[in-house]
Amino acid sequence: MHKLLTPHPKFASEAEERAFWEKHDSADFVDWTKAKRAALPNLKPTTKTISLRLPQHMLDSIKAAANARDVPYQSLIKVWLKEKLHSH
1 MHKLLTPHPK FASEAEERAF WEKHDSADFV DWTKAKRAAL PNLKPTTKTI
51 SLRLPQHMLD SIKAAANARD VPYQSLIKVW LKEKLHSH
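Going by this note's numbering, the sequence shown opens with residue 1, and the numbers climb by one from there.
In case anyone wonders, no lab produced these hints; they're calculated from the structure. Predicted model only: the values in this text are computed from it and were never measured. One thing to keep in mind: the hints can contain errors.
Claimed, not checked - Derived DSSO-like pairs: lysine-lysine, alpha-carbon spacing no greater than 27 Å straight-line:
hint, residue 1, residue 2
1, 34, 48
2, 48, 10
3, 84, 48
4, 44, 84
5, 78, 44
6, 10, 34
7, 23, 10
8, 10, 36
9, 84, 23
10, 78, 48
11, 63, 84
12, 63, 82
13, 36, 23
14, 63, 44
15, 34, 23
16, 63, 48
Go ahead and model the full structure; you've got the sequences and the hints to work with.
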């Protein structure tokens with residue numbers, strides 16, 4: 001037996017829609033048994049700025065390695081961190 005779904009209202013703004021969904025359960029409006037997994041290949045991950053203190057000689061070595069590869073040193077650090085994380 002299918003549950004009758006309630007049609008959701010039209011929203012004038014994103015803020016109005018957000019307020020609505022904070023107070024309502026989506027199960028009353030959406031048949032989740034028909035949901036499909038979505039792929040979002042172009043979605044960029046959120047980044048967070050951090051402060052990292054390194055010895056000057058280490059930073060100089062990183063900058064030299066980045067310069068030899070013609071990439072920004074921050075980008076090289078990210079690549080190295082990602083490689084190290086995936087190697088474990």
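Checked hints:
1. 34 - 48: Distance of about 35 Å is beyond 27 Å: violated.
2. 48 - 10: Between residue 48 and residue 10 the Cα gap is close to 35 Å, so the pair fails against 27 Å, i.e. violated.
3. 84 - 48: Roughly 19 Å separates the two Cα atoms, so the pair holds.
4. 44 - 84: 21 Å, holds
5. 78 - 44: 15 Å, holds
6. 10 - 34: Roughly 22 Å separates the two Cα atoms, so the pair holds.
7. 23 - 10: 16 Å, holds
8. 10 - 36: Distance ~23 Å between residue 10 and residue 36 Cα, so the pair holds.
9. 84 - 23: 43 Å, violated
10. 78 - 48: 12 Å, holds
11. 63 - 84: Between residue 63 and residue 84 the Cα gap is close to 19 Å, so the pair holds against 27 Å.
12. 63 - 82: Since the Cα atoms of residue 63 and residue 82 sit roughly 18 Å apart, the hinted pair holds (cutoff 27 Å).
13. 36 - 23: 24 Å, holds
14. 63 - 44: 26 Å, holds
15. 34 - 23: 23 Å, holds
16. 63 - 48: Status holds; Cα separation ~21 Å.
In this structure, the earlier hints numbered 1, 2 and 9 are contradicted, and the remaining ones agree with it.
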